[in-house]
Structures are given as C-alpha cells and as structure tokens.
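All chains should be built: construct the whole structure from the sequences, respecting the hints.
If you're matching them up, the sequences are chains A and B in order. Take 44 as the starting number for the first sequence in my numbering and just add one per residue. Take 3 as the starting number for the second sequence in my numbering and just add one per residue.
Think of the hints as simulated: they come from the structure by calculation, not from any bench. Be aware that one or more of the hints could be misleading.
[To be verified] Just the calculated beta-carbon pair ranges, DEER-fashion:
#1 A:150 x B:437: 51 to 59 Å
#2 B:437 x A:125: 52 to 60 Å
#3 B:567 x A:228: 28 to 36 Å
#4 B:660 x A:226: 20 to 28 Å
#5 B:646 x A:44: 53 to 61 Å
#6 A:44 x B:265: 18 to 26 Å
#7 B:523 x A:150: 53 to 61 Å
#8 B:629 x A:228: 40 to 48 Å
#9 B:100 x A:117: 33 to 41 Å
#10 B:41 x A:45: 31 to 39 Å
#11 B:381 x A:186: 39 to 47 Å
#12 B:523 x A:228: 50 to 58 Å
#13 B:629 x A:45: 58 to 66 Å
#14 B:265 x A:228: 20 to 28 Å
On a predicted model such as this, the values are computed, not experimentally measured, just so you know. Note that CB positions come from ideal geometry on N, CA and C, so glycine has one too.
One letter stands for each residue in the lines below.
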Amino acid sequence: MKKRLYIELENCIGCRSCLAACTQCGGHEQRNRNYVYDVNPHVSRQTMPLMCLHCENPACARSCPAQAIQIHETGAVLSALVEKCIGCQNCTIACPYGIPKFDEEENLMYKCDLCIDRTKDGIPPMCASVCPSNTLQWLTEEEIERKQQQYDLDNGKWVTSMPYLEGATNVKVNLPGILQGTEKLF
Amino acid sequence: MQRDKFFREIENVRHPNEKLIKTHCSYCGMQCGMNLRVNTMTNKIIGVEPRYDWPVTVGKMCPKGVTAYQQTNHKDRILRPLIRDDASLKGTKEGFREASWEEAYDLIAKKFTEMQATYGKDTLSVFSGVSMTNEKCYLTGKFARVALGTRYIDYNGRFCMSSAAGGFLRSFGVDRGSTLPWTDIHETDCLFIAGSNTAECHPTSMFRVWHVQERGGYIIVVDPRETPVARRADLHLDLKPGTDLALANGILHLLIENGYADENFIHEHTNGFEETKELVKEFTPEYTSLLTGVAPEKIIKAAEIYGKAPNAVVMFARGIEQQHKGVDNVSAYTNMALVTGKIGRPKSGVATFTGQGNGQGGREHGQKSDLLPGYRKLTNPKHVEEVSKVWGIKPEEMPKPGVSAYEMFELMNDKTIRGLYLLCSNPAVSAPNLNVVRKALKSLDFMVCADFYLSESAEFADVILPSVTWSEDEGTVTNLEGRIIKINKAQEPIGESKPDWQMQVELAERLGRGKYFSHLQTAKDVADEFRFASKGGYADYYGATWDKIDKQDGVFWPCKDENDKGTPHMFLDKKFYHPDGKAKICALPYRPPAEEPCKEYPLRLTTGRVVYHYLSGNQTRRIQFLKDMCPEPYVEVHPETAAKYEMVHDERVRLYTRRGESIYKVKITEAIRKDTVFVPYHFGHEASINLLTIAALDPMSRMPEFKACAAQMQKLEPKKVL
Ligand code: SF4
Ligand code: SF4
Ligand code: SF4
Chain A
44 MKKRLYIELE
54 NCIGCRSCLA
64 ACTQCGGHEQ
74 RNRNYVYDVN
84 PHVSRQTMPL
94 MCLHCENPAC
104 ARSCPAQAIQ
114 IHETGAVLSA
124 LVEKCIGCQN
134 CTIACPYGIP
144 KFDEEENLMY
154 KCDLCIDRTK
164 DGIPPMCASV
174 CPSNTLQWLT
184 EEEIERKQQQ
194 YDLDNGKWVT
204 SMPYLEGATN
214 VKVNLPGILQ
224 GTEKLF
Chain B
3 MQRDKFFREI
13 ENVRHPNEKL
23 IKTHCSYCGM
33 QCGMNLRVNT
43 MTNKIIGVEP
53 RYDWPVTVGK
63 MCPKGVTAYQ
73 QTNHKDRILR
83 PLIRDDASLK
93 GTKEGFREAS
103 WEEAYDLIAK
113 KFTEMQATYG
123 KDTLSVFSGV
133 SMTNEKCYLT
143 GKFARVALGT
153 RYIDYNGRFC
163 MSSAAGGFLR
173 SFGVDRGSTL
183 PWTDIHETDC
193 LFIAGSNTAE
203 CHPTSMFRVW
213 HVQERGGYII
223 VVDPRETPVA
233 RRADLHLDLK
243 PGTDLALANG
253 ILHLLIENGY
263 ADENFIHEHT
273 NGFEETKELV
283 KEFTPEYTSL
293 LTGVAPEKII
303 KAAEIYGKAP
313 NAVVMFARGI
323 EQQHKGVDNV
333 SAYTNMALVT
343 GKIGRPKSGV
353 ATFTGQGNGQ
363 GGREHGQKSD
373 LLPGYRKLTN
383 PKHVEEVSKV
393 WGIKPEEMPK
403 PGVSAYEMFE
413 LMNDKTIRGL
423 YLLCSNPAVS
433 APNLNVVRKA
443 LKSLDFMVCA
453 DFYLSESAEF
463 ADVILPSVTW
473 SEDEGTVTNL
483 EGRIIKINKA
493 QEPIGESKPD
503 WQMQVELAER
513 LGRGKYFSHL
523 QTAKDVADEF
533 RFASKGGYAD
543 YYGATWDKID
553 KQDGVFWPCK
563 DENDKGTPHM
573 FLDKKFYHPD
583 GKAKICALPY
593 RPPAEEPCKE
603 YPLRLTTGRV
613 VYHYLSGNQT
623 RRIQFLKDMC
633 PEPYVEVHPE
643 TAAKYEMVHD
653 ERVRLYTRRG
663 ESIYKVKITE
673 AIRKDTVFVP
683 YHFGHEASIN
693 LLTIAALDPM
703 SRMPEFKACA
713 AQMQKLEPKK
723 VL
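As structure tokens, this is what we get:
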C-alpha cells in the first residue's frame, strides 16, 4: 500500500521537532534537511514547515549538470550523490522553494531524501513520525483522497500541484484555512 | 489497551549492531514513549527511534524528546564526586576538585552529624524534585525522615503542581491530575483550556487537540497571550494575568443562569451549590469583563459553547495555578464541570497538564513537607502509624511537618536551617524572588548537591555527587493521566555516577541508619518497598507491578492488588473521595493578584516556557539543537507598548520590578496583551526572570505567583536619530 507524505499546514505549532528528528535518520549525518518558517513573526505565532515536495519532474534534478540527483523508484528525489555533485548549487536556485542545502566544507549539496532508508520499507519518515501536531502525516492514497474530499479548498485540486507552480508533486499539501469548511457539531 | 484511531502497527527500523530499549522521555508530564538506540559494540546510547506502539503518543515527540538521548554521554556530565574546600567561592563554578565517593561520603556524614549535634536534627534540609522515578521520590522522603531525621523536606512541585493538587483535593477529595485518559481527549466536543500553552509545553497533546476541531468540536483557550493553540482556537479569552478566578466565576454564573446546570447531578453528587450560586451572581459579563479585560461577548459565547457541548473537558496548567490564588482557580474552573455534570463519564472531565515528568507520582509519596507515601498525611496519627510500621521506626520518631519549598529558603536566611541536601532540582533558577534564594544558598554552612550537570544551584554546593540520567537507571513514573509507566535502563552509568537511591542508601549507612536502608540493593528492591508503603493510601500503587505495567501499557492508579487492572476513568460510579462521597462546588470570592500595576510599575509581567527548553534549562540549554533554536531569553512586547517606550525589535532593554532587574532583548509581537510582557524562565545567572518574580504564596498550596506581578521597562540605548 503506497503511502505519501501529506502536509496540513494549518496544524503547525512551530516546534521544529521535524528538524530535530531529521538528523536521526540513518545516512543523514546529523544534519537536518528542511525548513520551518515563522509566517509573520511580529503579528502571530503561525509557522509552517517548508519541506521538499518530491516533485514528479523535479527542477533540482533537471538543473543538475552532473546528474547527481537521482529519483528513487518510490518517487523520492534523493540527495546528491557524493561522487557526482560538483557543488555548483544550481539545484538550490532551480528549486521553486530553495530546498537543497549546501555544505560549504564538503562542497556538497544535501537535501531531504524522504528518509529513504525508512520509506523504502514503508516506515514513515522521521519528520512525520514525530510531528506532534499531525502537520506532517504519512498516509495511504485512500486516506489522502478522503482528506481531499473533507477539505475541498481549491475546486478539489491540490494547490501545490497546480501547473503554475512546479507541476505535480509526490508530497501532498493542504494549505492553511482548512477549518473554514468544517461543519460544527452543535 | 486503548488503541485508538491514531494507533498504527509500524515496524521499527533496526540498524546493524544496534538494539532498541523502549522507555519514555526524560522531560515533561506527557512522558512520550520512545526507543533509545544503543550500540551493541560500545553499549552506549547513540540515538532515538519513535515508539509507535505507545498508545498515548504513538511515536510523536517534541524537539526536547527527540534530542533527550544526547544528555547521557554529554561532555558536561559530572563523572566523579566534587568537593570544594574554599567556601568563599560559593556561588561560582570555581574551586571544585575531584574526590572519591569514600571521601565525599565521609565529609558529608561528618558535617551532617556535627551540625545536628550542635543545632538539632532540623538544622538539615532536603530539597528535591519530581523529574525522577517514583522509587527515588519515595526513598528521598524516607531518607529525610529516617536517615536524617529532619522535618525539613520539600520539593520543586511547590513551583509546579501544588495548586492543582490542593484544588483537586478540595473539589474531589482526591488529587489525580486527570479524571480521564488522554485517549479520550480528541473525542470530546469542547476543550476548555485555561492557562496552558499546550503547543509548547505539552506538544504531543496537539494532534488530539486539533482533532476536536477537525470533528467540528470547539477549542476555547484562556491566555493573556495568543499562543499557538490560542491562534487557532474557536474562542480566545485574552484575560489579564492573574484574573482567572473572576473569569471562572463569570462563566459559572452564566452556566447557571442559562439553564446548563445539571440539577440532578448537583443534588445527588455535590455539596456547596447554593452558596456558590449566590456568590457568582455578582459576576455578570460586564463585571467579569471589567476585572479580566475580556470582552463580555466572548465570556457569554464561552459559557454557551461549554454549556451546550454534549461532552467537554476542562483543562488547565501553570497559567492558572502559579498564582497566589492558584488553588481557588483550580476549584473555580473545576466548578464548571461539577455544576454541569460533565464529569465521571468518558470524554468528559477535568485535567491539569502536569509539568514535570513525574509531577503526579512525585507528589504522592512523601517528598512534600506534610505528606507520606500513598498520599498519607503527616498530621493523621493513623497514617503516621501505618508508614512507621513499613519503615520499622516508632511513630514518635516520625518528624513533624516542615515548611514549603520557598519558605525553606527563608529559614536558611534566618539560620534555622544550616545544611541542605539538594537533588533533582535547580532552585537557583526556578524559585521566585531569586535574590533572596541565592542569598539563602550562599549562607548555608554546608550544602550537598546531587546532579548530573553542574547546575546554577550546584555552584553553591560544598560537595557535588554525580547522579545518573534517566536512561541509566530503571523505575516507574506516573504521567499526566495518572498512568504508572516504566522507565528502562539503556546504558550503564557513565564515570562513577550513581542513581540517587543508591547514594541515599549508602549515606544512610554512613549516618548509622543502615538497618533501615541496607536491604535496598536494586531499583527493584526500592520499588517493592514503595508499592507496599503506598498500600492502603488512596494513591495506592500496590497492584502496579512492573510486569503489569509492561503487559497493559501502563497502569492507572488506584490499583489495589494483583487482579486490579487500574482506574483509567475516575468517578465513573459518581463517587467522589470526600467522606460523604460527594464532590464540593466551591464558593470562591475573587481577589486580585498580590501586586497590581501602579504608576511606577505599570506593566504586568508573566513568565512561562518555550518549546525548546525544560524547567530551569539545566539539561536543555546544553543540547546543541535546542540551544540553537532558543539561545537566550527575551521579553515579548506588544508593538503599541513598544512604540510608547520607543523600543524596537531586538533592542536590549532593562526590565525591573520591586525585587530585581535584568536585561532582555525585545521581541515585538501582536500575540500578547498591550498591558502585559512575557519572559521565558529557563535561563540562569543574571538572565533569570525569577530575579524579578514575586514570592506571594498561595495560602493553601504555598505556590508562588510566578504568573503575575507589576513591572517596568527602561531603554538602555539612546533613541536612534533618523
Ligand atoms: S514537527 Fe510538525 S508542528 Fe513541529 S514544526 Fe515541524 S511540521 Fe510544525
Ligand atoms: S521541492 Fe525542490 S528539492 Fe524537492 S524535488 Fe522539488 S525541486 Fe527538488
Ligand atoms: S518533553 Fe514532553 S512532549 Fe516533549 S517529547 Fe518529552 S515528554 Fe514528550
């Protein structure tokens, strides 16, 4: 049963546990690979994670002159291969969200590989395992389908998968505002 | 047991040469399940893996939990006993030399014996904490009373849970922090959360909290700040710090007035309704609004939602409890559940978010100045007799009740107390009015501190004994639900460090009290004696064997015998623990905070936690990730207030009260009242906000009013000319 990372931005409490946990995945060498933003820090406590969305046709990989960014059979867009990466940082610039990070000392890009050590065996990635607010979840296609029906935000379309952004993504995102459509119990 | 919709069967990742030790987090009352990863070649803890099969938290952890494993083999660990010969260096990190356990024990025994011979038994004191196992908490009480024979023992729960305890005892006749298991929380229809920054202090409750809204239920949050949970709440009651009692009375008045009272429940199962009804009449929405600063419409709406909700849970935390009327606040919010009958059934009830890992268990078994194991009372001769029998002493030998945590420091300053054995706490950061507390610690003739890092309080010690972290010992703790759970040992103690229970047994032997302690050779020995000592008390742990805890995913107390499965839901039979079986609805007249703003000190200062740090920060400030995320304290100021003071974001300013001052960076945010400023309390030395807080104590719980005092700010840098 294929599972995907699903992000419900409205839930984020800004604890950055996802980042702390990222370092715990084998092969991540204690470096965290994503971002959590304070949306408007002088106004409210709203935060949101900015994760690699594992694009189906990833700009990062397309932009890489050395073919260092491989796509795993699960769809995960992997971190740069150490032997191939030339440290040009094209990927960071090409990615619409600036996701790939750069190790100055090693002259090497590193990015989220969706905890491939875990997800290749169907085990949730570290971020979605620990996220205390269920902002990050690891769901089956059917569960995601249900979410999509529950929060019919944008004519049934996932906003991050719209063509004017970066095309279809393996990670599904639910933008803030999910509560607007919720019917109250009483 | 209690596998709910969030539970998933998930295999853990297993790396070669690694084993997983299942246990729980070392920090807050959530006690999230976790697996510690241990390298089987070096036998050292090297990381963490989620514990998906723990039914309360299903693998989730906050960043403190994720990085908790880094405490064990941290470079700052104290590996051998330390002695400082030059007392003039007290209050600094300087002058300690390594010593053998022999030398340290000899010195402590000699000093303690001499001092007690000269000044009497009660010249010594024990100050303890509840971030450790039930077994350790239990033995610490016995150590003070039987090995040292002093009446002066108290613990940091006085700064944490004592008001909740006092309020529950008065309302229900029993103090179990939650009347229902956490696996009920997401299924209720209304969460009324007062004075809890849940998203930062108990983050792994949040997936359940949000789920209430996802189902169409309501979240009502009472807080002077728009915390992350308040941001998304259906209703945010942004009250002035220290005015909860008025708000609770105001809502109760509306519940009664608008027909939400459950007459039958009130009649059958409670006392005190008529009197309370009379008292709250005065608290009309307008009058309540005047006292609390919350708009009348919001108060009306809150009462309507809570009143209408088929099921509702009233939850609260330190925000309402750390006030000089904390006990009254607890009983007043509890009144809402009692008057509407929303208690004593699944998905409805009352709960406090326990602060420390073992804040619940640690307060039940005799570290409190007036309590004995099993929640027995020192003032009750029958209770004293029962515990004396277990301990093998004569009831006459049992010391009398002492005084509360903060009051012990006052007794140090007047030399009634001259010696201190401190463990599992860092009062030089966490106590209020720190100038008085630090002076008291400095004035001691002799102080011992057991800790695994050199805390700000250890800087005042003559002898430091290296204790172990939670991962190097085993035992039980009781989480915020009242569920007894098992902490497992993942690694041997590093260096020469020892568990606290072992130090106390060995010290008792040096003090000539070995016959009461020497049979306790393992954590399990202490556990067995402890279960036996709690037997017959109302916090009865006798049936909560380690085996049962493992099989059942924890055991909720009371659990009286082998066949008792424990008590996840309290009061299902509608029997409360007062002698007549009824709960008490309390009539509680409003009183303002001890110190109200004035011309000189026009601001309200309130304090609290951030998600990255735990208590005094002695542990979390040493963890790189947490330190990077929040390296220093700051003062949160509303932009309009900042403009009035001509202050800008990130500017350093002087914040001061009648008791002390400190310098903080300004953090500008609209998520706070204009009349209020907030500073997190996890920081030491000159950065401690507790230099400024007030030691106005609750008359019942002796809880200081950390959450409200009057303050003023001043610019340090000259105004920028543009
Ligand atoms: S762990 Fe979850 S709630 Fe915390 S910052 Fe990351 S996405 Fe947000
Ligand atoms: S989000 Fe950025 S880094 Fe991730 S796959 Fe897409 S383009 Fe690449
Ligand atoms: S600090 Fe509390 S919420 Fe965070 S992981 Fe530990 S027990 Fe869980």
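Hints, one by one, checked against the model:
no., hint, in the structure
1, A:150 x B:437: 51 to 59 Å, "holds, 53 Å"
2, B:437 x A:125: 52 to 60 Å, "holds, 56 Å"
3, B:567 x A:228: 28 to 36 Å, "holds, 32 Å"
4, B:660 x A:226: 20 to 28 Å, "violated, 52 Å"
5, B:646 x A:44: 53 to 61 Å, "holds, 59 Å"
6, A:44 x B:265: 18 to 26 Å, "violated, 52 Å"
7, B:523 x A:150: 53 to 61 Å, "holds, 57 Å"
8, B:629 x A:228: 40 to 48 Å, "holds, 43 Å"
9, B:100 x A:117: 33 to 41 Å, "violated, 53 Å"
10, B:41 x A:45: 31 to 39 Å, "holds, 33 Å"
11, B:381 x A:186: 39 to 47 Å, "violated, 57 Å"
12, B:523 x A:228: 50 to 58 Å, "holds, 56 Å"
13, B:629 x A:45: 58 to 66 Å, "violated, 39 Å"
14, B:265 x A:228: 20 to 28 Å, "holds, 25 Å"
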